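With these hints in hand, go ahead and build the complete structure from the sequences.
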Amino acid sequence: MNKKVIAIILIVIIIAVVGIYLALTLYGHTKTKLVIITRLSPEESEALRKAFLASDIAKKYNIADVEFRKLDYALWRDLATSGDVDLFLIGEVPIYSSMCEEGLLKAMDMKEIIEIASKLDSSLIGKDKNGNICWLAIGRAVYGYILNKDFIKQYNLSEPKKWADISDPKFSMSILKDAPPISFPLPSKSGTAKTIVHAILQKYGWEYGWEILTSIGALSRIVDSSEKARDEAAEGIAALAPAYIGYGILAENVSKGKAIFIVPEGEGVMYISPVAIAKNTKHSQEAQAFILWLLSDEGQRTIARLFYYIPVRPIENIEWAKRFYGSIKELTFDYNRELAKTIDFSVIYYFEAAIADPDCNAKLKEIWRILLEKIIKNEINEQQFEDYIKKIGAPLVIIDPITGKSTPFTIDYAKSINDNITKDPALRDKFINNVKSAALERYDGILKELRG
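Numbering (the working numbering), first residue to last: 336 to 787.
FYI, nobody ran anything at the bench for these hints, they're computed from the structure. Since no wrong hints were added, every one of them can be taken at face value.
With a straight-line Cα cutoff of 27 Å, these simulated DSS-like cross-link-like pairs (lysine-lysine) come out:
1. Lys591 with Lys497
2. Lys405 with Lys368
3. Lys505 with Lys726
4. Lys464 with Lys676
5. Lys591 with Lys496
6. Lys712 with Lys700
7. Lys563 with Lys676
8. Lys593 with Lys512
These figures come from a predicted structure and were not determined experimentally.
As C-alpha cells, this is what we get:
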C-alpha cells in the first residue's frame, strides 16, 4: 500500500472521528451525570433518581445518571463554586436565600421554568438582586397534629381545634385512667417536636406558650421519635401526636380513617422545599431540565407520592392534597425560623429538663390528676384550674450556670445563653440540672398546696 493511499485512509478516519464527536456534542447525544447536594435520605434519593431517569425529560436531555450526596449545610457554599456540583435540593429556605444573596447560585433562564414560576405564589420563589430566579420551591410540607377519633370517643374527650385546647380539662380526663391523651417526642430527637415547640412559643407568646407546653408535657407519653408518636396516634394508644403532613397522611392510611391529620387554623407551620443551581455547574441546561421535571405534572405527582409534599402547582388526582392546596396560607402563620435558631438549644434543653424529664413529668401528671379530681368534686372551678396552669407553666427562675445568680428564663436570657450551652457540654449539663432543680421545687410546692 503506497503512502498516498495510507494518507487518504488516515484522513477518512480523522474526518469520521471528528464527525462522530461533532454529532455527539452538537446534536445532544453526549451523556450527562448530574451531581445533586441534598438533605434527602439515601433511600429517598434513590427513589427520586429512578423516577427521574425513567422520564421523557431525562431522555430528551441525555441525562444518564444522577448522584445525590447528603451533606451538611456548612459545606454547601464551597461546593457551589467547586464546579463539581450541579444542584442543591431540599433544605432550609434561609440557606438558599443567603446563598442567593452571596451570588453562589446560578440564575434560571429556561423559558419553560420562567413560565411556570410566573404562575407561582411569590413566597415560593427566590430572586437575586437583578430579579433573576435563583431558587424555586418544588413542594410544600406543613406541620400540625394527628388526632385519633377512636381514642376521643373511648374516653369521651373534647376534640382540640388548636394547640391551646389541650389544656381544657374535658380533653385530659383520660389521664385519670392512666391513659395520657398525647404522644410527644423529645425535641432533641425529633425535628417535628422541635418545630412545634417553637411554633407554640411564637404563636402564643413566651409566657402563655410555656403554659401550653407544660400542659402538653403533663398530658403526654414522652417518646423518643416522631415515628413512635405517629404510630401511637394511628393505633389509638394516644389521641394526639404532632406530625408533619407525610406522617399525618401515613397515619390516616394505616388507621383506615380512625386517625386524621389536622392543621389547626392559623397555627400550622409551612415548610418549603427548594431547588437551586450551583453557581459553577458545568451542566446548566441539564440541571434546569431536572428542575423542569420536578415542576411537571409527573414530577409533582412523584414527590407527592414519595414525600407527601403538597404540590406547588394544582395537580389533579392527588386526593389528600386537595384538602390543603387551596387553604394552606390560611392554615399557616409566618413562622420565624431565624428566631427559632437563636434560642434553639436553650428552649430544647429547658423543655426536656423542666417538662419531659421523668422526675418532673411524673410530678406534672400527679398535679394534673389532682386538679381534675378537684374539678369533678366541684372543689375548684375552671377559672381556678386555669390559674393553677399558669402557676405550673410560667417560665422558671433558675440559677444561671455562668454567673451563679438567680435569673428568670426570659426569651432574652434564652438567646444570651444559647450559644454557650451549645459549645460547652459541661455548661449545658449544669444548665439542665439547674432547670430541673427549679422545676422540681415549684412542682413540690404546688403539690403541697393542693394536698393541703
